[in-house]
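The residues making up each chain are set out below.
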Amino acid sequence: MLLALPILLPLLTAIALQLLPHRPTLLRAVAFAGALGILIAAIAILIRVEAEGIRVLQIGSWPAPFGITLVADVFSSLLVLMVGILGTVITAHSFSGVDPRRETFGYHALIHVLLMGVSGAFLTGDIFNLYVWFEVMLIASFVLMSLHRTRAQLHAALTYVGLNLLASAFLLTAIGLLYGQAGTLNFADLARAWPERRTAALDATLSMLFLTAFGIKAGLFPLFFWLPASYHTPPAAVGALLAGLLTKVGVYAMIRVFTLLFPDPSGRMYAFVLVLSVTTMVVGLIGAIGQGDFRRVLSFNLVGHIGFTTVGLALGTAAALGASILYMLHHMLVITSLFLVSGWFLRQKRTTNLLALGALYRTQPAVAALAMVPLFSLAGVPPLSGFIGKLAVITAALDGDHYWVAGIALTVSLLTVLSMARLWDGAFWKPTTTAARVAPLRGAIVAPVGILVGLTLGLTVIAGPAYDLSKRAAAQVLNADEYIRAVLGPRG
Amino acid sequence: MELLLAIVAGVLYATGLYLMLRRRLAQLIIGLGLLSNGSNVLIFAAAGVTRGKPPLIGAEDVTAASFADPVPQSLILTAIVIGFGVLAFSLVLAHRVHDSAGSDDIDAIGPDRRVRTTKPASSDR
Chain A
1 MLLALPILLP LLTAIALQLL PHRPTLLRAV AFAGALGILI AAIAILIRVE
51 AEGIRVLQIG SWPAPFGITL VADVFSSLLV LMVGILGTVI TAHSFSGVDP
101 RRETFGYHAL IHVLLMGVSG AFLTGDIFNL YVWFEVMLIA SFVLMSLHRT
151 RAQLHAALTY VGLNLLASAF LLTAIGLLYG QAGTLNFADL ARAWPERRTA
201 ALDATLSMLF LTAFGIKAGL FPLFFWLPAS YHTPPAAVGA LLAGLLTKVG
251 VYAMIRVFTL LFPDPSGRMY AFVLVLSVTT MVVGLIGAIG QGDFRRVLSF
301 NLVGHIGFTT VGLALGTAAA LGASILYMLH HMLVITSLFL VSGWFLRQKR
351 TTNLLALGAL YRTQPAVAAL AMVPLFSLAG VPPLSGFIGK LAVITAALDG
401 DHYWVAGIAL TVSLLTVLSM ARLWDGAFWK PTTTAARVAP LRGAIVAPVG
451 ILVGLTLGLT VIAGPAYDLS KRAAAQVLNA DEYIRAVLGP RG
Chain B
1 MELLLAIVAG VLYATGLYLM LRRRLAQLII GLGLLSNGSN VLIFAAAGVT
51 RGKPPLIGAE DVTAASFADP VPQSLILTAI VIGFGVLAFS LVLAHRVHDS
101 AGSDDIDAIG PDRRVRTTKP ASSDR
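Protein chains in written order, with the working numbering: chain A, 1 to 492; chain B, 1 to 125.
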């Protein structure tokens with residue numbers, strides 16, 4: 001029952017938000033309570049999984065390969081925990097970052113539908129169910145993206161909708177072919193039955209279809225172009241949610257499907273993913289340098305750092321995958337806080353164009369210093385959490401004798417500092433060009449970023465235990481037998 | 001039968017992708033619809049077609065050939081429902097885009113373009 005809570009709570013909250021009278025304070029209280037509920041449930045799940053190993057819930061008590069199964073291992077419960085954290089923080093940011101008219105127009109309910117879709121995708125043990133959760137979160141994000149009707153936003157929404165629907169069609173095709181060959185949809189049953197039916201041709205077809213589908217969703221090179229074209233237009237809270245959670249669902253699905261269905265790290269497929277990951281890092285960095293808008297720079301950096309989260313999968317060792325999982329957790333916190341920072345500028349100046357920004361450090365040094373932490377954590381400046389994540393990834397690459405991967409990752413990290421310094425200079429340091437005085441930022445809009453910064457610093461302090469935990473999560477992901485036994489029982 | 005379905009699925013994929021590559025909004029959406037129907041036909045064909053049997057297990061004769069596999073049918077049903085919802089949303093979105101840009105040429109809708117065939121979009125907020 002506990003496993004269903006991260007899905008049921010946002011569903012009930014979303015229904016309640018639609019039925020309740022549309023008074024802003026009431027809606028805010030319910031939305032915040034719902035998000036907090038997910039967080040508490042996620043913490044409980046993580047504690048249970050840590051104590052007792054993989055937890056399984058057979059929905060409707062149908063035995064495993066026939067019904068839909070919810071599975072929580074350390075990896076998925078860590079990610080559900082992030083859903084709870086980011087959901088709570090972003091809801092809190094929305095109170096002052098989203099205009100009240102949109103807030104009463106179903107905004108909070110849609111956020112909860114999105115959180116439900118993401119939690120469902122992280123917890124499901126059934127590949128068709130994964131597709132359904134993808135669609136749930138896509139339709140919620142479609143509506144959130146097009147709530148505004150400006151031209152730029154509609155155009156961005158169109159790009160986003162078109163490419164994501166294409167990805168869904170690819171995913172559905174892959175699932176159809178997989179079912180036709182394996183005769184099952186349950187992840188554990190697939191992992192057991194699939195290796196006997198694998199042929200080189202089927203492997204190539206299916207892995208490319210899955211890679212394309214999840215690569216579009218995750219923003220992997222060369223399928224990422226929709227991402228910087230659309231993530232800079234919605235309200236900051238929505239952008240933060242999309243950037244922090246949605247791309248990571250693509251990465252999660254890629255790791256889950258590849259480790260269960262194609263578990264041979266020496267295969268050509270993995271070499272291909274490795275090249276794509278490294279190219280993604282480089283292209284994201286180069287793209288970021290040419291941009292003049294705070295959120296567009298962030299979007300390209302988001303793409304670049306997706307490369308760091310998939311490189312662990314490609315290297316195939318538990319240490320490398322663990323490093324990528326640690327990096328993923330850090331990146332979710334940091335990129336979300338930076339998108340929320342862009343909400344400050346939207347509040348003050350209604351733009352995130354770097355030319356129009358500046359001088360926040362002069363007027364509110366403490367607030368600017370707060371934003372400095374995620375900026376330089378993203379770049380990987382020691383001792384912040386980004387440094388630890390990148391150190392782990394690069395060490396794992398060196399251990400696997402992939403010196404060129406380590407070299408490129410190091411170069412990219414170094415040059416990311418440049419990109420982040422440009423953001424710092426443009427948005428906080430340089431004198432402002434507009435003469436008009438702007439209202440100072442109030443605590444309500446600064447506090448959510450403060451919480452995320454606190455968590456990032458916390459992750460830095462407990463880096464050792466956190467890396468151990470993510471290495472254990474990775475070992476569990478790579479050990480398909482444990483997963484199969486947990487879901488199908490000892491006979492598997 | 002499988003061969004026919006495979007050809008139909010292939011044609012639907014090809015026309016769908018071709019239409020998505022065109023510049024007009026309406027064609028983009030029709031392309032999406034064709035593509036999702038293509039994958040539905042593909043699921044049906046890939047899972048194997050059983051001729052003239054219901055997806056129900058009889059009381060005595062329980063062999064693999066005596067009933068049609070209900071799983072692909074339910075997958076397709078789910079996918080049709082999802083596809084319908086998504087298509088309806090895309091149509092509304094396309095309508096809005098057309099209203100604000102006054103054109104259904106995707107290249108002319110872009111935020112950086114100044115090409116406007118009719119009235120300009122209302123102010124930026």
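Check each hint, because a few of them may be wrong.
[Unchecked claim] The calculated lysine to any residue pairs, modelled on SDA-like cross-linking and capped at a C-alpha distance of 25 Å, are: (1) A:430 / A:289; (2) B:53 / B:2; (3) A:349 / A:102; (4) A:430 / A:450; (5) A:349 / A:362; (6) B:53 / A:67; (7) A:349 / A:147; (8) A:349 / A:268; (9) A:349 / A:444; (10) B:53 / A:66; (11) B:53 / A:439; (12) A:349 / A:319; (13) B:53 / A:369; (14) A:430 / A:406; (15) A:349 / A:399; (16) A:349 / A:439; (17) B:53 / A:177; (18) B:53 / A:147; (19) B:53 / A:180; (20) A:430 / A:391; (21) A:430 / A:442.
Hints are computed from structural coordinates only; laboratory data are not their basis.
Structure-based check of all given hints:
1. A:430 / A:289: holds, 18 Å
2. B:53 / B:2: At roughly 16 Å apart (the allowed maximum being 25 Å), residue 2 of chain B and residue 53 of chain B satisfy the hint.
3. A:349 / A:102: At roughly 19 Å apart (the allowed maximum being 25 Å), residue 102 of chain A and residue 349 of chain A satisfy the hint.
4. A:430 / A:450: holds, 23 Å
5. A:349 / A:362: holds, 16 Å
6. B:53 / A:67: Since the Cα atoms of residue 53 of chain B and residue 67 of chain A sit roughly 23 Å apart, the hinted pair holds (cutoff 25 Å).
7. A:349 / A:147: holds, 21 Å
8. A:349 / A:268: Judged against 25 Å, a Cα distance of about 50 Å means the pair is violated.
9. A:349 / A:444: holds, 17 Å
10. B:53 / A:66: holds, 21 Å
11. B:53 / A:439: Distance of about 72 Å is beyond 25 Å: violated.
12. A:349 / A:319: Answer violated: residue 349 of chain A to residue 319 of chain A is near 45 Å, above 25 Å.
13. B:53 / A:369: The given pair, whose Cα atoms are some 70 Å apart, is violated under the 25 Å limit.
14. A:430 / A:406: violated, 34 Å
15. A:349 / A:399: With a Cα-Cα distance of about 48 Å, the restraint between residue 349 of chain A and residue 399 of chain A is violated, given a limit of 25 Å.
16. A:349 / A:439: holds, 9 Å
17. B:53 / A:177: Holds. Residue 53 of chain B to residue 177 of chain A sits at ~22 Å (cutoff 25 Å).
18. B:53 / A:147: Distance of about 47 Å is beyond 25 Å: violated.
19. B:53 / A:180: Since the Cα atoms of residue 53 of chain B and residue 180 of chain A sit roughly 18 Å apart, the hinted pair holds (cutoff 25 Å).
20. A:430 / A:391: Between residue 430 of chain A and residue 391 of chain A the Cα gap is close to 32 Å, so the pair fails against 25 Å, i.e. violated.
21. A:430 / A:442: holds, 22 Å
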